[in-house]
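Chemist: Sequence:
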Amino acid sequence: MENLQLGISFYKLRYRSWKFEQQINVYPMKCLITIICIFWLSLGMAQTATMGTIELEITGMENDEGQMLVGLYNSEEGWLLKPFKGAFGKIANGVTTVIFRDIPEGVYAISVFHDKDNDGKLNRLFGLPTERFGASNNAPSRFGPPRWRDAKFQLLGGTLKHSIQIH
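Following the working numbering, the numbering of the sequence shown begins with 885 at its first residue and continues without gaps.
It is worth saying that the hints were derived from the structure and are not from the lab.
Possibly wrong hints are sitting among the right ones.
Label-pair ranges, simulated between beta-carbon atoms [unchecked claim]:
(1) Thr981 with Ile920: 48 to 58 Å
(2) Gly1004 with Ser1025: 13 to 23 Å
(3) Glu946 with Gly1041: 32 to 42 Å
(4) Gly962 with Glu941: 19 to 29 Å
(5) Thr981 with Glu946: 11 to 21 Å
(6) Thr1014 with Asp948: 12 to 22 Å
(7) Val991 with Asp948: 16 to 26 Å
(8) Asp1034 with Pro988: 18 to 28 Å
(9) Gly1042 with Ser959: 13 to 23 Å
Remember, it's a predicted structure, so these values are computed and weren't measured experimentally.
Just so you know, even glycine gets a beta-carbon here, dropped at the ideal spot from N, CA and C.
Sequences and hints are given; from them, build the entire structure.
Modeler: Below you can see the structure in the form of structure tokens.
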């Protein structure tokens, strides 16, 4: 009886070790297949953002003194507070041209103002601007600054030409 139990124990031990060896041999292959699948799927998901250019023409300046300050905004939360990109434009014959390059596709809005005294700020008197300003889509400024929803536009890659008349 003892020999029989030893034989059964030996068989179980041998069967378990064979199972273990089989698992060890299969494991690297499963890992390799999993890694290849993840890599292949990630190639399909990795999309490069399409870049575009915004060419902006600003008109309506009373004179060529000072400079134009331009802010490009990419969110409603940052509108008029935190520009995505900023630029200074030189005024020539009452017109300024500013170009924003390598801008990812998305929704944007632009604000501009004529900084006559080159202090980098929109001057105000009793809360009202004393320097001329404007926004993309020539968004109106009724009882406050222009609203994001009136000034926003979509950039879909390529070149977008935009003009703003300041007031």
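Chemist: All the hints need checking, so say for each whether the structure fits it.
Modeler: Hint-by-hint comparison with the structure:
no., hint, verdict
1, Thr981 with Ile920: 48 to 58 Å, "51 Å, holds"
2, Gly1004 with Ser1025: 13 to 23 Å, "21 Å, holds"
3, Glu946 with Gly1041: 32 to 42 Å, "36 Å, holds"
4, Gly962 with Glu941: 19 to 29 Å, "24 Å, holds"
5, Thr981 with Glu946: 11 to 21 Å, "18 Å, holds"
6, Thr1014 with Asp948: 12 to 22 Å, "18 Å, holds"
7, Val991 with Asp948: 16 to 26 Å, "33 Å, violated"
8, Asp1034 with Pro988: 18 to 28 Å, "23 Å, holds"
9, Gly1042 with Ser959: 13 to 23 Å, "22 Å, holds"
In the structure shown, a violation is registered for the earlier hint numbered 7 alone.
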